[in-house]
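*Asks:* Residue-level listing of the chains:
Number of protein chains: 2
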Amino acid sequence: MTQHTASWPVAGWAKHYNSQVLMNDLVAAIIVAIMLIPQSLAYAMLAGLPPEVGLYASIFPLIAYALLGTSSTLSVGPVAITSLMTAAALAEVAEQGTGTYLSGAITLAALSGVMLLAFGVLRLGFLANFLSHTVVSAFITASAIIIALSQVRHLLGVEAGGDNVFELLHGIGLHASDTNFFTLSIGAGVLLFLFAVRARGARVLSGLGLSTHSAELVAKAAPVAGVMVTILFVVGLGLAERDVEIVGAIPSGLPAFAMPVFSMELAQALFIPAALISIIGYVESISVGRTLGARKRERVNSNRELIGLGAANLASAFSGALPVTGGFSRSVVNFDAGAATQAASIYTAILIALVSLFLTPLLYYLPKATLAATIIVAVLSLIDLSIIKKTWRFSRGDWLAVMITMLVTLGFGVETGVSCGVLTSLGLHLYRTSQPHIAEVGLVEGTEHFRNVRRYKVRTVPEILTLRVDESLFFANASYLEDQVFKQIYHHDPITHVVLMCSAVNEIDYSALEVLEELNRQLREQGLFLHLSEVKGPVLDRLRGTEFMEHLTGCIYLSQHQAYSDLCKRYRY
Amino acid sequence: MTQHTASWPVAGWAKHYNSQVLMNDLVAAIIVAIMLIPQSLAYAMLAGLPPEVGLYASIFPLIAYALLGTSSTLSVGPVAITSLMTAAALAEVAEQGTGTYLSGAITLAALSGVMLLAFGVLRLGFLANFLSHTVVSAFITASAIIIALSQVRHLLGVEAGGDNVFELLHGIGLHASDTNFFTLSIGAGVLLFLFAVRARGARVLSGLGLSTHSAELVAKAAPVAGVMVTILFVVGLGLAERDVEIVGAIPSGLPAFAMPVFSMELAQALFIPAALISIIGYVESISVGRTLGARKRERVNSNRELIGLGAANLASAFSGALPVTGGFSRSVVNFDAGAATQAASIYTAILIALVSLFLTPLLYYLPKATLAATIIVAVLSLIDLSIIKKTWRFSRGDWLAVMITMLVTLGFGVETGVSCGVLTSLGLHLYRTSQPHIAEVGLVEGTEHFRNVRRYKVRTVPEILTLRVDESLFFANASYLEDQVFKQIYHHDPITHVVLMCSAVNEIDYSALEVLEELNRQLREQGLFLHLSEVKGPVLDRLRGTEFMEHLTGCIYLSQHQAYSDLCKRYRY
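If you're matching them up, the sequences are chains A and B in order. Going by the working numbering, the first residue of the first sequence is number 18, and it counts up by one from there. Going by the working numbering, the first residue of the second sequence is number 18, and it counts up by one from there.
Warning: the hint list may mix true and false statements.
One copy or two, it doesn't matter: identical chains are merged, so the pair holds either way.
What the hints assert, rightly or not - Heads up, simulated DMTMM-like pairs for lysine to aspartate or glutamate below, C-alpha to C-alpha not over 25 Å straight-line:
#: 1; residue 1: Lys504; residue 2: Glu480
#: 2; residue 1: Lys553; residue 2: Glu465
#: 3; residue 1: Lys504; residue 2: Glu457
#: 4; residue 1: Lys553; residue 2: Asp487
#: 5; residue 1: Lys553; residue 2: Glu524
#: 6; residue 1: Lys474; residue 2: Glu457
Calculated from the structure, these hints are not laboratory results.
Using the sequences provided together with the hints, build the complete structure.
*Replies:* Right, here's the structure in full:
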């Protein structure tokens, strides 16, 4: 419990608000809003939902996060990975376009909101640490590949669905011959344009006299330019009559902010997917928040973030929309555009609300191929295959985790992939922590130091086995210690004394105490003595008065050197 | 992969078998069989199954374990806790006495067998370490209380079921007035007799001229004496006509060794219960095996044990019986009776088979109250409430885990209790390992040693922050390190150099490497330098060539003292 817990994050920034901060926030809000319009529509499409749902997810959730979240620059809304996960979860319960499908999305947002809030209130943010970031990166890379492939059909103007790369490639191969030339032209054009802007846009703009910083920001508006130009093309050339798929009518107005209606059946079916979406959304969001926060010397509180994101998801559910989280690219834009406080997000929300109210008719002729191209360019930046090579060089265990997560995600879809990633993370963690480093040590001649017999030339005595335990002892690793002791004893016969050097043992739990007791008892039955050395103060305090200390056959030595010389004397070494 | 993996355990003992070993094994087999007869019947009753099922579970499973298990003295069969868990699992899917109920028991044994075998083959025995033994003890104590209470109805001769203490006490209170006087007399008589034998039996027998050792073994046969005497009473006094519940007809013969018939639906419903029964059964069995093994300098191989127990459970399923595991009391008797090899269990199985073939008619008039009294006396020795006091004294975290597990088991039944215990174990583990010990250290004047600033009077320099990390760095604790570094920086302003003293860091995984990279980047943005000291050889090898090393703003020092003096020089201290 820190002192900060009591104060609302909003109180922190509202107190010092002034006109300069207002100006900074407003500029950032406009830039982010321009970027968010095509993104919101695109990610709603990715999730298989009507376009207005994407806009709705970019209004109240932003306000909820601004009031409760701790990052001043995190920009919340629908993002690529969670939208794909939403689509994958909903594919199991309903057909796209049905009322159940939309209810499913709302249920996911609501469940996700409740889960995140509960974890925040219970201060369980630390649990996110058990999802290995390496595994998350592998998952994101594989998901981005799936997302990009899933959009190819919109570029070609054909029907070809699927959850994994096999299904997607098969569908594309099957339907490629039905490609609509106009759709492909628009899609390829936007794709080339966006790539060109990404590669050279900022340089060209600064050549036109803009400062480097402004040029970079303006270049981020490229998708909006793509949207406007392709709408004009479709209208001008009458391409809608040529079977170019367009977004169509988007209802004008604000989301009805209403208590979401629940079907218990749907909630049960979507419970696990909601949990996975929450985990991935939270992990990504907190890492964005931390990265940006560090640049401003701003600490992001993980439990507060859970509450902020939980509230944002509940707000999304109340708006009739899909799960949201903090997005990387838009948060970076928000940061670069100079957002000073969470108020920037509130202004962004107001701008998106204005778009929903007044500008949706303009989007009628927006070709879906444009949105698909926007999505592809956005997610390609998420693909990082270098992690395969880097982990291979660094450690085979990490590499294996990366490959498992990536291949399962590509081959079996995101749901199986992320579940598998979570399990791989936990498995790795359990495996690593259950086998503490335990070294047999000996005396470095001429000193009082004891070092690993495998690495140093040291002196040992056949009757004495000294093991240094390099970790705190608790239930998950205590039996491993027991095993190691017995393995050593069975190998070297003349051993009479076993000394555990506890210099790195910061804590002992009750299960480990029982193991030590048992070890002492078993050694005694074989006529061996158990000694401890270099036991830390707090550990010794705890051991005092336990049965283990009463029954201990050997001594507790302050230093290993003392243990060694005392025991050596008995054998006249 | 050890060398032992290739050889079958049976090859180890069969090679040196001779007549002396045969005699020892035979004597032990007879004593264990005498003890097993009432136990098998009683635990079948506890599981809600017909009595012959208990006998069937004590034939082929013993042979399967003898051939594949690694403990020479472990005695496998139905045991109290897993029988109670079987009853609890089956209560959810069928009524006692129906065909589905028996199919359910067989399905549990089969699932349990397959799971244990799979874990053994995949060498995942180490996973059992993640179930805290403290939590298991608490669970066993609470289960034993439930078992004892569940048998009271048989002592009173009334109908009163229930899954938890509330239901059981309520049922007993409701029906106590229907108590059958004869049943109660038999039950109370056997109960008193068994307690008396336990308290003084061995002493009385050795007073009659038996050796202490023999007296103790003979005293273990008390339940069989109870069985015989009460059968005579029931027959002699015609108590069966007085509504004293008796075991009734037990079909003579051997189990039909046949492939169990599966219903997928039943298998799905019982999957989780089977997993829980397997975990608890395995953990208890391995701890019995290890305890006894240590007395004979015999190593129990955990993966081999999984295979042995898995085969025993499959054998039980093929025999049409319930889940089995290694029992504590009968294994101790087997050990004390001098069993030298696994062959003792094979002889026991043959004896039980003979009982099934020829002696079951004699058990017709056996009162259920006798079996209930046997169960109560057996499980009371499992109750260890002292663990509450011991853990309270030792550590509040362990105490909390004990209380949660105990109260949930008592209040909500064994299934919820054991699930809760497993989760508590994992939660504790995750929590403990995610927060490594990190200490700010300073120089002990006049030495080259660096110690915790909170415990020692040491010298520090305002511009230098030195943190000693007392654990290997990996994904689950790396962000905690990052948090700690920033917390320290925000508190002390003049810091320019952060030194991580890595003397206890044995390993760094890829996620932790990324965190270090990010930490370095963030510190650089704030104008701070990151240094490492006392990095171990293997860790340094791994770090070489990574981007982290390329971008590191500071140096890597061989010793902390070198880091300290070098940095101090820059500030002319």
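*Asks:* None of the hints should be skipped; say for each whether it holds.
*Replies:* Now the hints, each set against the structure:
Within a single copy, Lys504 and Glu480 get their C-alpha atoms as close as 15 Å, which meets the 25 Å cut-off; across copies the closest is 48 Å, which misses it. In this homomeric assembly, Lys553 and Glu465 come within 25 Å of each other (Cα to Cα) both inside a single copy, at 18 Å, and across copies, at 20 Å. Proximity of Lys504 to Glu457 under the C-alpha cut-off of 25 Å is restricted to the intra-copy arrangement: shortest distance 12 Å within a copy versus 37 Å between copies. For the identical chains of this complex, Lys553 and Asp487 are neighbours both inside a copy (13 Å) and across copies (13 Å), given an alpha-carbon limit of 25 Å.
Proximity of Lys553 and Glu524 under a CA criterion of 25 Å is satisfied in both settings, with 9 Å inside one chain copy and 23 Å between copies. With identical chains, the CA atoms of Lys474 and Glu457 are at most 25 Å apart within one copy only, with a shortest distance of 12 Å there and 32 Å across copies.
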